[in-house]
Amino acid sequence: MVNPLMNRKINRGINRVAKFILLFCFLVLAQWGNAQNKINGKKIYETRCLVCHQSDGGGVPNMNPPLDGATNVNGKDIARLVKIIRNGYDERVALDGMYYNNAMAANPDLKEDAIADVLTYIRTSWSNKAGVVTTSQVKAALLKNKAAKK
Amino acid sequence: MKKMTQFLSVAFLAFSLPVLAQENAGLKLPEGFKANLYANNIGGARHIAITKSGVVFAKLNNPNKEGNSIVRLEDANNDGVADKINGWAKYGGTGIFVKGNSLYASSNEAIFKYELNSKDEVVNPLAPVTIVSGLIDRRQHNSKSITFDMANNIYVNIGAYSNACQEKDRMPGSQGMMPCPILDSAGGIWKFDGSKENQTYKDGKRYGTGLRNVIGLDWNTSSNQLYVAQHGRDQLNSFYPNLYTDAQNAELPAETFYEIKEGDNAGWPYVYYDPSQHKKIVSPEYGGDSKKEGSSEFKDPAVAFPAHMAPMAVLFYTGNQFPAKYKNGAFISFHGSWNRAPLPQEGFFVAFVPFKDGKATGEWEIFANGFAGTENGAKIANPSKAKARPCGLAQGPDGSIYVSDDTKGAIFKITYSK
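Chains as they are written, first to last, in the working numbering: chain H, 1 to 150; chain U, 151 to 568.
Calculated from the structure, these hints are not laboratory results.
All values reported here derive from a predicted model rather than from experimental measurement.
Certain hints may be false.
Below, computed lysine-lysine pairings styled on BS3-like, alpha-carbon distance capped at 27 Å [stated by the list, open to error]: (1) U:K318 x H:K111; (2) U:K529 x H:K42; (3) H:K111 x H:K76.
Sample of chain H residues at the chain U side, in silico, Cβ under 7 Å [to be verified]: (4) V51; (5) Q54; (6) G69; (7) N72; (8) N101; (9) D113; (10) A114.
Just so you have them, the derived chain U footprint on chain H, three or more residues with Cβ under 8 Å [to be verified]: (11) 61 to 67; (12) 102 to 110; (13) 136 to 149.
Even for Gly, the Cβ is constructed at its ideal location relative to N, Cα and C.
Excised from the complex, chain H in its bound form (with noise of 0.2 Å):
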């Protein structure tokens, strides 16, 4: 015999495990979404990035700015980065106090994912602990800086 305060217990109980596992099942496909996320990420960075950027996120010492550790790259600003990656950077302004000669080309063929997925690499790679950046993020940071140009 069970009694009714029993089954409360019970079913509360089996109630807070079934949202845990459901947490957890959310936990590990988000994690395993930001996994895929930065292998793609990562194989953008090589075929475009890496020559310049550097394999350690170092860049070339007044040619091209660092990555890692950079105060804009793990900044809150991510229409600034969705906009360098887009559209190229190529301009006489200081990067945490230094300035950089060579020229950054547009990435005009970079679809929103492809942005999210760099810029998550850049932003969770070497020292770098900035954290994830969503497809929907780009596409509005794109929407962002269009209203912007108007």
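Assemble chain U onto chain H, guided by the hints.
Positioned in the frame of chain H, the structure of chain U alone reads:
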């Protein structure tokens, strides 16, 4: 516990001392040569120049922590190490040259002249005379290296602000522009009068063209001719993966050393030099397929070096201290590559090019190595890991040579004794 710390610190000292006072400042040199650190941490030192009395001037890429971008160094007590160091000037740049009682220095768009007094001190640090201004600086390849002939003419490199003169620079698939419009005002060596003030493009003359970016140049006084070392183009594999593998890109194109006579054309951006085919090859942006041979109107190099090592300075050796084989030969400093990646980088050394009867023999050898500071000379994957990157070269009055480094700003002095 206290004993333990004492022991540890003694052990630490014993370990670190040999590192602090490395033999030959960590360099590997031929038999009979020695090196020491003449100066360190003066700020990224591009080219250097030395007066008859042995005062060294270094042009810094950017102002150092004292806010100076030209540094004067003197070894007053003659122990091989600079002991009087000061500086001035706010503009970053590369070129510096001593001619008689004048010191010339360049920013990335102009050339200035200072006067030296009898102690080789600069008389007018805050009021130099502008010799040339208005030279193109679009960031990429903007170093304005300078040298002089024997008749007081200045030769200045104006680098092309582009990799291969594509319609869109460094954009995969973008075609080369025909003719390349950059060559009217850059991508070559311009000649100006060293004594005339306030010159600009219209007062100068394009002396040699088709040179993508020359940072190292020097006048060979024994044959009365200009020699320049060019930085070859980048990224053949990333733009044309069907034509070039990563491994081929790492070896293409050669870094080239040319004897330049007035009117010569070295062929950038239309051709590049392939060191294994011993040919000028049509650039893929101009219809090349990695084999099609380029026009013979373009100059062949006097020496072809491995790709991407980035020649930074040329110095014809006129001293008597070094063995006879070095006399009137050329030293060339190599900064070390970056776009051999993903393959390991090369360079980070000073090479020697022997000359015979006023001509390069085509041979070359490594003269001073070890600037990168890796364990047992291991290859370096990323240039930012190099401890020092050779840049400027100059000869002292006693025939020693000096090599500057543009990372933290070391100056190495290399001497010879039997």
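Point to revise | Interface hint compliance - A114 (chain H) to chain U, C-beta minimum distance less than 7 Å | key: violated, 15 Å
Practice item. Answer holds if the nearest beta-carbon of chain U is closer than 7 Å to that of G69 (chain H); otherwise answer violated. Key: violated, 11 Å
**Study point:** When the least beta-carbon distance from D113 (chain H) to chain U is tested against 7 Å, hint result
**Key:** violated, 20 Å
Check your understanding: Is the hinted pair K529 (chain U) and K42 (chain H) satisfied, with a Cα-Cα distance of at most 27 Å?
Key -> Within the cut-off at roughly 24 Å; holds.
Exercise for review: So, N72 (chain H) near chain U? Judge it on the closest CB pair being under 7 Å.
Suggested key: It is violated, given that the least Cβ distance between N72 (chain H) and chain U is near 18 Å, above 7 Å.
Check your understanding: For the stretch 61 to 67 of chain H, does the count of residues with a C-beta closer than 8 Å to a C-beta of chain U reach 3?
Key -> holds (count 5)
Review point. In terms of beta carbon proximity below 8 Å, does the stretch 102 to 110 of chain H have 3 or more residues touching chain U?
Key: With 5 residues close enough to chain U, the hint holds.
Review point. Does Q54 (chain H) pass the interface check with chain U, least Cβ-Cβ distance below 7 Å?
Key: holds, 4 Å
Practice item. May I ask you to test the interface hint for V51 (chain H) with respect to chain U, counting a Cβ-Cβ separation under 7 Å as satisfied? Key: At 5 Å from the nearest chain U Cβ, V51 (chain H) passes the 7 Å test, so the hint holds.
**Study point:** Pair hint outcome, K318 (chain U) versus K111 (chain H) [Cα-Cα no greater than 27 Å]
**Key:** Holds, at about 20 Å.
Review point. Going by Cβ atoms only, is N101 (chain H) closer than 7 Å to chain U?
Key: holds, 5 Å
Exercise for review: Closer than 8 Å, Cβ to Cβ, for at least three residues: run that test on the stretch 136 to 149 of chain H against chain U and report holds or violated.
Suggested key: Since three or more residues must qualify, the claim that chain U covers the stretch 136 to 149 of chain H is violated, with 0 doing so at under 8 Å.
The structure fails to meet hints 6, 7, 9, 10 and 13 from the earlier list, while all remaining hints are met.
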